[in-house]
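**Q** Residues per chain, in single letters:
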Amino acid sequence: MSKRIAITGMGVVSAIGTNVQENLLALKQQKSGIGQLRLLATVHQNFPCGEIKLTNAKLVEELKVQQEETFTRAALLGVKAAEEALQQAQISAKHKIALVNGTSVGGMDYTEKLYQDFSKNPHTTKYIEAQHPGFTSDTIAHHLGIKGLVTTVSTACSSGANALITGAKLLKAGKVETVLAGGTDCLSKFTLNGFNSLKILSEQLCQPFDQHRKGLNLGEGAAYLVLETEEKANAENKTILGYLEGYGNANDAFHQTASSATGEGSFLAMQAALNAAHIHPEEISYINAHGTATENNDLSEGIAVQRIFKKQLPKISSTKAFTGHTLAAAGAIEAVFSLLSIQEQKVWPNLNFQTQMAELSFSPETKIVSQKIEKVLSNSFGFGGNCSSLLFSAV
Amino acid sequence: MKKACYINGISSLSPQSTAEEENFDFQQIQTFQKPVLQVAFKNYKKLIKPVAMRRMSKSVKMGVFTAASALIDAEVKTPTSILTGTGMGCKQDSDIFLENLLLQNEELLSPSKFVQSTHNTVGGQVALYLKSKAYNFTYVQGSASFESALLDAQLSILTEEKPHQILVGGIDEISENTIGLLQLDQQIKNEPEIKNLQLLDYPSKGSIIGEGAHFFVISEEKTATSYAQLLDLHLENAIEVEEVAIKTKQFLAQNQLQASDIDLIILGNNGDKDFDTYFQPLQHEFKQTPQVFYKHLVGESYTASAFGMQLGVKILKAQFIPEAYRLNAIQPQKAIKKVLLYNQFRGKNHSWMLLAHV
Amino acid sequence: MSNLRQELKKQIIEQLNLEDLEITDINDNDELFGDEIGLDSIDALELIVLLEKEYGIKITDPKEGKEVFYSVETMASYIEKHS
Numbered sequence: 001m002s003k004r005i006a007i008t009g010m011g012v013v014s015a016i017g018t019n020v021q022e023n024l025l026a027l028k029q030q031k032s033g034i035g036q037l038r039l040l041a042t043v044h045q046n047f048p049c050g051e052i053k054l055t056n057a058k059l060v061e062e063l064k065v066q067q068e069e070t071f072t073r074a075a076l077l078g079v080k081a082a083e084e085a086l087q088q089a090q091i092s093a094k095h096k097i098a099l100v101n102g103t104s105v106g107g108m109d110y111t112e113k114l115y116q117d118f119s120k121n122p123h124t125t126k127y128i129e130a131q132h133p134g135f136t137s138d139t140i141a142h143h144l145g146i147k148g149l150v151t152t153v154s155t156a157c158s159s160g161a162n163a164l165i166t167g168a169k170l171l172k173a174g175k176v177e178t179v180l181a182g183g184t185d186c187l188s189k190f191t192l193n194g195f196n197s198l199k200i201l202s203e204q205l206c207q208p209f210d211q212h213r214k215g216l217n218l219g220e221g222a223a224y225l226v227l228e229t230e231e232k233a234n235a236e237n238k239t240i241l242g243y244l245e246g247y248g249n250a251n252d253a254f255h256q257t258a259s260s261a262t263g264e265g266s267f268l269a270m271q272a273a274l275n276a277a278h279i280h281p282e283e284i285s286y287i288n289a290h291g292t293a294t295e296n297n298d299l300s301e302g303i304a305v306q307r308i309f310k311k312q313l314p315k316i317s318s319t320k321a322f323t324g325h326t327l328a329a330a331g332a333i334e335a336v337f338s339l340l341s342i343q344e345q346k347v348w349p350n351l352n353f354q355t356q357m358a359e360l361s362f363s364p365e366t367k368i369v370s371q372k373i374e375k376v377l378s379n380s381f382g383f384g385g386n387c388s389s390l391l392f393s394a395v
Numbered sequence: 001m002k003k004a005c006y007i008n009g010i011s012s013l014s015p016q017s018t019a020e021e022e023n024f025d026f027q028q029i030q031t032f033q034k035p036v037l038q039v040a041f042k043n044y045k046k047l048i049k050p051v052a053m054r055r056m057s058k059s060v061k062m063g064v065f066t067a068a069s070a071l072i073d074a075e076v077k078t079p080t081s082i083l084t085g086t087g088m089g090c091k092q093d094s095d096i097f098l099e100n101l102l103l104q105n106e107e108l109l110s111p112s113k114f115v116q117s118t119h120n121t122v123g124g125q126v127a128l129y130l131k132s133k134a135y136n137f138t139y140v141q142g143s144a145s146f147e148s149a150l151l152d153a154q155l156s157i158l159t160e161e162k163p164h165q166i167l168v169g170g171i172d173e174i175s176e177n178t179i180g181l182l183q184l185d186q187q188i189k190n191e192p193e194i195k196n197l198q199l200l201d202y203p204s205k206g207s208i209i210g211e212g213a214h215f216f217v218i219s220e221e222k223t224a225t226s227y228a229q230l231l232d233l234h235l236e237n238a239i240e241v242e243e244v245a246i247k248t249k250q251f252l253a254q255n256q257l258q259a260s261d262i263d264l265i266i267l268g269n270n271g272d273k274d275f276d277t278y279f280q281p282l283q284h285e286f287k288q289t290p291q292v293f294y295k296h297l298v299g300e301s302y303t304a305s306a307f308g309m310q311l312g313v314k315i316l317k318a319q320f321i322p323e324a325y326r327l328n329a330i331q332p333q334k335a336i337k338k339v340l341l342y343n344q345f346r347g348k349n350h351s352w353m354l355l356a357h358v
Numbered sequence: 001m002s003n004l005r006q007e008l009k010k011q012i013i014e015q016l017n018l019e020d021l022e023i024t025d026i027n028d029n030d031e032l033f034g035d036e037i038g039l040d041s042i043d044a045l046e047l048i049v050l051l052e053k054e055y056g057i058k059i060t061d062p063k064e065g066k067e068v069f070y071s072v073e074t075m076a077s078y079i080e081k082h083s
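Residue numbers (the numbering used here), protein chains in the order written: chain A, 1 to 395; chain B, 1 to 358; chain C, 1 to 83.
Check the hints yourself; a few may be wrong.
[As the list claims (entries may be wrong)] Derived pair list, reagent style EDC-like, types lysine to aspartate or glutamate, alpha-carbon separation capped at 20 Å:
1. A:K147 - B:E242
2. B:K49 - C:E36
3. A:K96 - A:E203
4. B:K49 - C:D20
5. C:K58 - C:E80
6. B:K273 - B:E323
7. A:K172 - B:E160
8. A:K199 - C:E67
9. B:K49 - C:E64
10. B:K45 - B:D73
11. A:K214 - C:E64
12. B:K46 - C:D20
13. A:K31 - A:E359
14. A:K3 - B:E161
15. A:K96 - B:D73
16. A:K113 - B:E106
17. B:K49 - C:D61
18. A:K96 - A:D117
[To be verified] To give an idea of the chain C side of the interface with chain B (calculated C-beta under 7 Å), a few residues:
19. E14
20. S41
21. I42
22. L45
23. V49
24. E54
25. K58
These are calculated hints, taken from the structure and not from any lab test.
We put the beta carbon where it would ideally sit given N, CA and C, even for glycine.
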């Protein structure tokens, strides 16, 4: 009954690169993509961000987007990453696949740009619908030629990870044969100001799991994985990049935005992922943490990790200091980084870390560690107490 | 052996609710003269403590209330998962945050409004209200938002070897701030006065808009008070008018059914002259079958079809088709056993649901 | 009783949407974040916005807010000191 979920393609665009190879290179060179904003027009230029230095115009040209297609930036980034994933998985009959997208703000970049002008410029009214995230998924699906099952998970910063969970469930139930799943989010004034109103943005480069961390840096990006059953991938002689062996989602049920001090939600999510995969905690070689560098998240997540792994902690790092926190895309981008970790047999470093947190018994890895890596846990948590954990394994 | 999905509890808040009573009544019909149909219900205190309500926007209040009362209806204390679908989330607070951001040039913004703007706010607040640490997903996919959540419920029952009590619902609210934009975009009809009961007689673009929250408790376990069974559901993102009848037959065939097996069809006609054409093939195909519609009574919204499902479930239980909902005059010739629902919005996000009598 | 304290109570009720509270329900020395009024971390951020909007006083470190927002009394004395 239980089918194994194979990953046969992946694509990513983030502040550290516009495809998988560029992202891998930056990870290996320990080169962050976070810095001064250049494209987003905001008064808050004091906050460094993981901005992708590709204008919408450049993306439109590169992706050969037709005039009549209504593209938001999240859709442009999404198509870019999705095309890379589909190509690697050699998917040609796109009408047969399902798209499970994760996005939080969707087309908010257009909404905030045009909100006061919709009534003046009739040609902009086609973007009125763009405010709902499904619009961005529809656009991506249309451009890729996906016409069947298209859906969007929107659970704030765990959306991308949750899209992969829904994708896996669709395959297990035999609803579809191939799923393109992941997430996309672009920088917008809406999110930048929102996080600023919560006073959790750092004016310096973010320092996940550091005693003196001052908050997060926002980022933007997109990543998608092509999921197929192992049986189908083997029958079609496809190269399997890894398996989505287990997953878990739980709710912290503590506060609308803050995580509980005991990390209950993240604890339950990690535990569920391990249980689903029938794997003991000591079999995990690396945890790609959510690690946003906010005071609250890193403490709560750290405590939860200690509760699961007790004294035998695997290597742990957050890659948010490379990309910034890419919200709904984070879970998908970090899924790609987890698979790259397995492919390269390397633990990615936690940049900018200096001092261990007083409340925790561990420090994240600050340098690349080469070691045997078979199983990786990737965490993603979001507002509304939403906690998810994905478990990837080597072939 | 395919596992079944039984609907064991329901609750609904819609423009058909009164100030005191949430669930709609087959006989007592609320009428409207304008294209904006709001939920008049006020009695949230029945289930939500006032102190908990202070930061709840309308959709959170509607969502938490109907989630809680669906559980009571099903006599279930703790759900095994909480699944929500919403087209726009907490639209009112999102719009206020956005407008303040633009007016105040990105300064002095209220964090509460931002916090509400994430689409899983209702799902998260239901979890807080129930103190539920269970699996909690929110789907946002235009007019297939609720159906996506329902699909997750079905997937959970099909793929997981454990007992389920799944809370699944659809929620959307009207935001006064953007009614003008929806008129501009021709989502709302421009006629100054619209009698909602005659919605299909206005040959213009757009529809009337509504809001509401509709929750269901779904389990593989049939109970003495089960309302109905969800046999299956199907989603298609983009299809042509010509494909509607074919896709419908394919969906029925997958469930070993044909058109003649359907005792009632529930359609999502909303009076938009450009897109009601999508419903015509089925109105024709099923012309000997009783047909009902509902958007003239609750308005269009991305999760209006969740009301459609409540209607189907109630008709199956009552074995009675309320007059105000009829789309044709055909009377049922036998017991109503199988109900088919089809919906779409502006030619996108098509959904089919199949309900059966238990 | 001071006008500033009364004014603050009114503003707090409005900004934080404490619909069921009256000005007379809040005592000057009531612990705002304790059992009496029951505010949380998001309310603290709302109070920071309130101070800046109404009194032009900026608190940049949310931790500093904890002492300032202990009660209406502490808020009032902070405003008196800084305006």
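**Q** Does K58 (chain C) pair with E80 (chain C) here, judged by a C-alpha cut-off of 20 Å?
**A** 14 Å, holds
**Q** Between the alpha carbons of K46 (chain B) and D20 (chain C), is the straight-line distance 20 Å or under?
**A** 16 Å, holds
**Q** With a cut-off of 20 Å on the C-alpha distance, tell me whether K96 (chain A) and D73 (chain B) pass.
**A** The given pair, whose Cα atoms are some 40 Å apart, is violated under the 20 Å limit.
**Q** Would you settle whether the hint for S41 (chain C) is holds or violated, based on the nearest Cβ-Cβ distance to chain B being less than 7 Å?
**A** 9 Å, violated
**Q** Against chain B, run the beta carbon of K58 (chain C) and see if the smallest gap drops under 7 Å.
**A** Nearest chain B Cβ about 10 Å off; hint violated.
**Q** Between K147 (chain A) and E242 (chain B), does the CA-CA distance stay at or below 20 Å?
**A** 15 Å, holds
**Q** Between the alpha carbons of K3 (chain A) and E161 (chain B), is the straight-line distance 20 Å or under?
**A** 13 Å, holds
**Q** Keeping to a limit of 20 Å between CA atoms, is the pair of K273 (chain B) and E323 (chain B) held or broken?
**A** With Cα atoms ~24 Å apart, K273 (chain B) and E323 (chain B) exceed 20 Å; violated.
**Q** Assess, step by step, whether the Cα of K199 (chain A) is no farther than 20 Å from the Cα of E67 (chain C), and give holds or violated.
**A** Since the Cα atoms of K199 (chain A) and E67 (chain C) sit roughly 17 Å apart, the hinted pair holds (cutoff 20 Å).
**Q** Grab the minimum C-beta distance from E14 (chain C) to chain B and call the hint holds if it beats 7 Å, violated otherwise.
**A** 12 Å, violated
**Q** Hint check: K31 (chain A) vs E359 (chain A), CA-CA at most 20 Å. Holds or violated?
**A** Violated, at about 29 Å.
**Q** For the pair supplied as a hint, K49 (chain B) and E36 (chain C), is the alpha-carbon distance within the 20 Å limit?
**A** 16 Å, holds
Violation of the numbered hints given earlier is confined to hints 3, 6, 9, 13, 15, 17, 18, 19, 20, 24, 25; the remaining hints are satisfied by the structure.
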